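Participant: Residue-level listing of the chains:
2 protein chains.
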Amino acid sequence: MRQEYETLGPTAANHVPLSPVSFLKRAALVYRDRPAVTYGPITRDWAMFAWRCRSVAAGLERLGIGQGDTVSVLSPNIPELYELHFAVPLTGGVLNTINIRLEPATVAYILTHADSKLVICDTALVPLLRAAFDVNGRTLPVIEIADAVAQAVPTGVGAPYDALLQGDTAPWSLPADECQALALNYTSGTSGRPKGVVYHHRGAWLMAMGTVAGWSLPQQPTYLSVVPMFHCNGWNHPWAMAVVGGHTIFTRDALPEKLLTAMTLHGVTHLGAAPIVLQMLCESAAAPAVPFAPRIKVLTAGAPPPPSVLERAAGMGLEVMQVYGLTETYGHIAQCLWQEDWDALPPAEQAAMQAMQGVAFPMLEEFRIVDRATGLDVPADGLTQGEIAIRGNTVMSGYYKDTAATSEAFRDGWFWSGDAAVIHPGGYVQIRDRLKDVIISGGENISSVEVEAVLHRHPAVQIAAVVARPHVRWGESPCSFIELRAGMHATEADIIAFCRDRLAGFKVPKTVLFQPLPKTATGKIQKYLLREAARALGPQN
Amino acid sequence: MRQEYETLGPTAANHVPLSPVSFLKRAALVYRDRPAVTYGPITRDWAMFAWRCRSVAAGLERLGIGQGDTVSVLSPNIPELYELHFAVPLTGGVLNTINIRLEPATVAYILTHADSKLVICDTALVPLLRAAFDVNGRTLPVIEIADAVAQAVPTGVGAPYDALLQGDTAPWSLPADECQALALNYTSGTSGRPKGVVYHHRGAWLMAMGTVAGWSLPQQPTYLSVVPMFHCNGWNHPWAMAVVGGHTIFTRDALPEKLLTAMTLHGVTHLGAAPIVLQMLCESAAAPAVPFAPRIKVLTAGAPPPPSVLERAAGMGLEVMQVYGLTETYGHIAQCLWQEDWDALPPAEQAAMQAMQGVAFPMLEEFRIVDRATGLDVPADGLTQGEIAIRGNTVMSGYYKDTAATSEAFRDGWFWSGDAAVIHPGGYVQIRDRLKDVIISGGENISSVEVEAVLHRHPAVQIAAVVARPHVRWGESPCSFIELRAGMHATEADIIAFCRDRLAGFKVPKTVLFQPLPKTATGKIQKYLLREAARALGPQN
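Chain order of the listed sequences is A and B.
First residue of the first sequence: 484, per my numbering; consecutive thereafter.
First residue of the second sequence: 484, per my numbering; consecutive thereafter.
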């Protein structure tokens, strides 16, 4: 920089660390008497919500929580968990939201690995926490959230959450460095130990603002909290809602009937949900007789939604935009932006367009599909597969206390997603598979996602997953696992015939198994379990 | 920061300098075949627009422009000026857009003070540039934009702009430091020499994104370019449009008939304009017979708009949001966010609400009204005046080569706006006056803005301005200057009687003068000239 400019260094007036805490501070003033949260009979405005966040922060500080201290939380989506998304950062601490459907041993591992100083635990999850403590052979200080709306009877495992609020409030403090750690989110660990993904204040600020821009969020949307906040901090939506003064509706759990009732009752305008949740909404007996109007804007991610689900969601008045991301990217960093000329397409073709993962969100720097062998971009032909490589300010700082995994993830200045994708001539990216989910049969790559999309069109199929089974002649062959709809029936031969009409021969499943599918807390199918099951069948002839 | 986190330093994968250049790079891919600019018969899509920006950058680099070099521009709002908003930053250079209505001596001063290496000049402004060179007794290299749409005949003062485009393109490069200088914008200099306000890449990125969030910009708006790009780089809207793939319509000048035609022809959805421009639109013979539907979203700033103008604009189908800012804050940093309960108010009361400057934009950190004597916030009573103090990432780096003025502006960790304001009980701020425009009569503060708002309701008044005139007994008294509507008439006694019905006695102008008002390029009334005129009248008895 030229000397004339160098003398103009940052000052307190013109340089402020980017932090989501600033969104809360502004919302407390700008949206002061507008609703921030509603849960059952409780509604709190932004002034009250912010006051509670600051009071909780003061309570945490009394317990010794400060700069860099990990606060772990086991809670479903309720207002207290939302408050902690601001309260913990206000103390300088690091928020560690733990997947509440994990088994005790993994919770135990996370509490130890994350160097937790304190656990805040919902009453219903106290048995899980106690089991985790048993695994570790030691306890940690606990604060218990006894959810009155859920009529919880406190177990007394720790001091009550409400006792944190004692009338005093923490000051509005920001981190000295905007790259200070804000949150620690463990990967779902579909293979091996979960890894601790570190987010910083700068990244969350940019993610929230980029979400507002990319999703075109209006002022004061009514947002239904469905994405678990233990998953990428609810895709960073809790922080984005503070930018626009959103009103977040909580239902504690994601039962389709509860969600549908809340959507109608509160006039929900926006929500995010995994494809499996969308499917449940569409299939619920409580689904409204007429489509929602105005349409409800929905982000979906976690797995590529089958076009059949997109089609049905559209019919229900849900305007779905598929987004793509990973825990390592704070959630969504690509979006299937609707193009004007899709308006004229028939619904099935529209759904096929929406099945693409699309283009970069505005806060992302770059999103490439790379041939790992050559390091070059694959051609935009919709056919050639490569790996999605990502670069930008909403890529994690790294894995906590795992230098080897961090270096591996960041080779050559990119974050390597492990997802195989193609790029279409229009520039939109479409995921073909997790690299490890690609089935290689007779030298041909088979996208399990493509085969699954066909299976989902079969009237008897509720959910389908396709993995590789060893094959004597072709190396691997597609093996499908199918969960049938209640009261419906299909045979292996039916399914194979159905696929044969719609897929190239080598892509047709050679094995069809009917069984409930194992899923993670976020509705992702645990393919590694299915792969193990397919391998256990032995090589096919 | 804890050691475990310190090892996770920034890498090329997870840390990218914030720069508006990244918006263009994304837009070139995401909005590739969607229109970016339209001017007369010319329409270019984002792919072509981005290609031209990079080609111009390559051309500038051939001329030796690089890191930290100032490129000055004298141009009305046309696509070339928009291109330069990306091309100059791509070279690492600093864009210096000069107010085209300045007199030669001031242009000469700016060219010298800014250390310009090159001037890019529209044909119509070549006489101004030549006169400025004459003042300085030296020339600079010149590139001439011969605007074909305006049927310009090139003067040959320098190489033609189009010759910069030679088929090669500059690479997508970002500054090493996001706080690197991006633009140098001289203040309008209502008193004394203009000062060079320095913007950096980080600030412009945040300003653009904050504008998208605060103005709720949708995808692909159709934006009419009215705010001169030599004024805070058009309030940073050129960069914001790249975030959302906006389509910018150019008319070269702001004649109301041209603007209205463009609004109808292109289906304009958004624009920014000074209140004086809104007034001209409302009063134009070309104004549409029925209100625009859907309504056109308008930001207005530069001076507090009289409620009468807001009321008429609403009737025309313009949804006006008043915003507030200064050259030193990249443009708007406060906004009069519409509140739901205003919907039920009668139009005149709505206009009174809209006459407030409101609350902070989402990218701003803080916006206070401070009693300079005590350093404390004034009470939120709507009465007590204080000075607007501002802190955030969209506050300038400082004044170029003016350490004294920079320190003065940044005392105590705040940027001091020089504007006097009150804060209403609802938390909305309202400007009373430039501090130096406050009239102090018999120990009472009189807001010139308040008196002007009343004058604007008089049917014969086109524009009014009120300043202090020395007064023998009370120190100062309000002196009003009025530009009458064509064909209308009013006497001093009429005006005084009109005000007496609507204002406290001490606020009623004691002097009324009828004359055309002096204005700056951006429609601001040059009150310092009126103050001089009022002083020249001598003290009133």
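Be aware that a few hints might be false.
Since copy identity is lost for identical chains, a pair holds within one copy or between any two.
Below, in silico cross-link-like pairs of lysine to aspartate or glutamate (EDC-like), each with a Cα-Cα straight-line distance of 16 angstroms or less [unchecked claim]: (1) Lys884 x Glu487; (2) Lys919 x Glu870; (3) Lys1002 x Asp516; (4) Lys884 x Glu489.
Don't read these hints as lab results, they were simulated from the structure.
Keep in mind it's a predicted model, so treat the numbers as computed, not measured.
Participant: Compare the structure with each hint and give your call.
Facilitator: Each hint, compared with the structure:
1. For the homomeric pair Lys884 and Glu487, the shortest alpha-carbon distance between copies (6 angstroms) is at most 16 angstroms, but the shortest distance inside one copy (42 angstroms) is not.
2. In this assembly of identical chains, the alpha carbons of Lys919 and Glu870 lie at most 16 angstroms apart only when taken from the same copy (11 angstroms versus 62 angstroms across copies).
3. Proximity of Lys1002 and Asp516 under a CA criterion of 16 angstroms is satisfied in neither setting, with 41 angstroms inside one chain copy and 41 angstroms between copies.
4. Taking identical chains as interchangeable, the C-alpha atoms of Lys884 and Glu489 lie at most 16 angstroms apart only when they sit on different chains, with a minimum of 11 angstroms there against 36 angstroms within one chain.
Taken one by one, the earlier hints fail for this structure only at number 3.
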